Amino acid sequence: MADRRIRVLVAKPGLDGHDRGARVIARALRDAGMEVIYTGLHQTPEQVVEAAIQEDVDVIGLSVLSGAHMTIFPRIFQLLQENKADDIMLIGGGTMPADDVKALKEGGWVKELFTPGTPLDDISGWIQANVKLD
Amino acid sequence: MCMDDFTELKKGREKWQEKKSKMKDRDFQFMTVSSLPVNEIYTPEDTAGFNHTRDLGFPGEYPYTRGVQPNMYRGRLWTMRQFAGFATAKESNQRYKFLLGKGQTGLSVAFDMPTIMGFDSDHPRALGEVGRVGVAIDSLADMETLFDGIPLDKVSTSMTINAPAAIIWAMYIATGEKQGVPSEKLTGTIQNDILKEYIAQKSWIFPPLPSLRLITDIFAHAARHVPKWNTVSISGYHIREAGSTAVQELAFTLADGFAYVEAAMAAGLNVDDFAPRLSFFFNSHIDFFEEIAKYRAARRIWARRMKEKYGARDQRSWLLRFHTQTAGCSLTAQQPENNIVRTAFEALAAVLGGTQSLHTNSMDEVLALPSEKSVQIALRTQQVIAFETGAANVIDPLAGSYFVEALTNKMEEEAEKVFAEIDRRGGVLAAIDQNYFQQEIADAAYIYQRAIDKKDRIQVGVNEFVDPDEQLDIEILKIEPQIELEQAARVRKLRETRDNIKVNECFDSLRNAARGTENLLPYILDAVRVYATEGEIVQVLREVFGEYKEKPTF
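Just so you know, the sequences run in chain order Z and S.
The first sequence begins at 1 in this note's numbering and counts up one residue at a time.
The second sequence begins at 1001 in this note's numbering and counts up one residue at a time.
Worth flagging that the hints you see were computed from the coordinates, not collected in a lab.
Among these hints, one or two may not hold up.
Distance condition first, Cα-Cα at most 27 Å in a straight line; then the derived BS3-like pairs of lysine-lysine [to be verified]:
(1) LYS111(Z) - LYS1309(S)
(2) LYS1549(S) - LYS1478(S)
(3) LYS1178(S) - LYS1307(S)
(4) LYS111(Z) - LYS132(Z)
(5) LYS1090(S) - LYS1015(S)
(6) LYS1097(S) - LYS1020(S)
(7) LYS84(Z) - LYS111(Z)
(8) LYS1478(S) - LYS102(Z)
(9) LYS1478(S) - LYS105(Z)
Quick caveat: nothing in here was measured; it's all calculated off a predicted structure.
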């Protein structure tokens, strides 16, 4: 089983339509050899978690540009716990002030956050280094 | 030029090329930001066949390559219109008064995501998003507050609203009524461009056909009752921000424009009754000459099609009038002060390209909503261009540049290829359904990002000239969570205190009209006048029209 591919759900919560980042990342992860499922836009936290469980993914990558990151990451983290799915790693990216990034990581709500300017290969490399397949 | 001149020119060029071939160019990919390769030099050979009268004409004359007014900025400068709005109507009202006090000449309203998507502030889907990226407007009461003390016959107002544009516009008209300003005197713009929502911006509610009906209803209502209003702002801005090239922005936007013209003509409207009120909205990205060529080509293509293909006779129908915003996607979170410089170049390109109005981005918009100080610098940037640089003295000053004319021609040729591809696919709606635009944009965005990662393209402060010890020293405007609770409470209270019998009667009439073919604007106006909320009106229409569902691809 160890040679199976990493499965990633790229999800776009919130009401905004800024899907450029999500789609670019989804393609980069696929090009890096991962299996990628993209949810499409306007997903509620419940829909994201349900899709992650159904698709049996290793990682959820949330793209948040609406300013609602302080609400959305904790909410999804909480839903993963409630559904006993907290073995799924939660990471994310988007436009977020540095203080918020720090608070989300230190609070344990999210494993890693990638802000604008991060090279695509750094993101796929980080996932490959940090996701352990059993 | 005569043939002898060209022979001379060719000889000269070959001599120069030979000399040049012994020299080494920098190791750099010489292309535009859209990956369009450019030559090292342009000569009359690149504009062979150029005809001044046919290709340029004079400003204010067909085909309008040089600008839409005969005197352009010598008559009136472009409108300096900064997009603003946040939190509640009361806070935004104060920001508008601040901007008007600083010499801004028009208003531009940014709405929050729940308003853009047709949800009231107390709806579960609005949670965490009220007042964040714009102002929350739930009902006429909020709109009255938003323009309190701002006479609507004295300012022109642009509103960035699309799927629910008919409702928000009705609220604006009703606010005018409350101020004693008849709708005939209102001036401004609603974005109202649903096609680019499916293509790029992705803030849709209803499926394409009922959405197009709402748009043509607005065209017809404006022609009779709000004749000075720009009923649509056909937008390339978001297409570019989503990652398209300059040619794609140009071609997709004009194709959307043609689709609206065709939809309105199919609905029985006379082209000259609505076409003069169509307006456009373009991006100004960082590649200076490519952008200027884009604007010039846009005017020429539009004029030719409107006259020759759609048979418009009124010259105002031939004019492509446009608003420009500098490119948010060109700004960097790293060393944000550099964004002031980027924005200044982009703004200058828009001015040299003949824009009618302009928004300059604030340096901190890549991080958060802009602070007052950065908004002021952005506005001052326009004022420096207008009053200090001399750029507004001469009309279309780059005309005749071999490079700019060749690039303008190239833009037009490439756009024509895209129009042919859209036709082959069965038109804009069919191409949306086939994910054509969405996929083209995603491809371009991916190529761009990869080029940055590989340093084929340099972004100062991001992949070169990086400051590893950078400490961000920018004041960030934060929206207090309290605002959401207050706004939600306000709309709940409104629903308890208004005349709900009248409101429900309005909903019944609107529902019936939506099932038929009548113009919906009078029904929507009746509903907003009795304080029906935006979310409620959208819900009535959603039950009749259904909802759009995307096919997610990447």
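When you check the alpha-carbon spacing of LYS84(Z) and LYS111(Z), does it fall within 27 Å?
17 Å, holds
With the threshold set at 27 Å, check whether the alpha-carbon distance from LYS1478(S) to LYS105(Z) stays at or below it. Holds, because 20 Å separates the two Cα atoms, which is no more than 27 Å.
- Taking 27 Å as the top limit, are the C-alpha atoms of LYS111(Z) and LYS132(Z) close enough? 14 Å, holds
query = Is LYS111(Z) close enough to LYS1309(S), meaning Cα to Cα at most 27 Å?
reply = 57 Å, violated
**Prompt:** Taken at face value, is the distance from the CA of LYS1020(S) to the CA of LYS1097(S) at most 27 Å?
**Reply:** 58 Å, violated
Practice item. Take the C-alpha atoms of LYS1478(S) and LYS102(Z), compute the straight-line distance between them, and say whether it is at most 27 Å. Key: 16 Å, holds
Hint check: LYS1090(S) vs LYS1015(S), CA-CA at most 27 Å. Holds or violated?
Judged against 27 Å, a Cα distance of about 68 Å means the pair is violated.
So if I understand the rule, the pair passes when the alpha-carbon distance is 27 Å or less; does LYS1178(S) with LYS1307(S) pass? 40 Å, violated
Holds or violated: are the alpha carbons of LYS1549(S) and LYS1478(S) at most 27 Å from each other? 33 Å, violated
Hint compliance for this structure: hints 1, 2, 3, 5, 6 are not met, and every other hint is.
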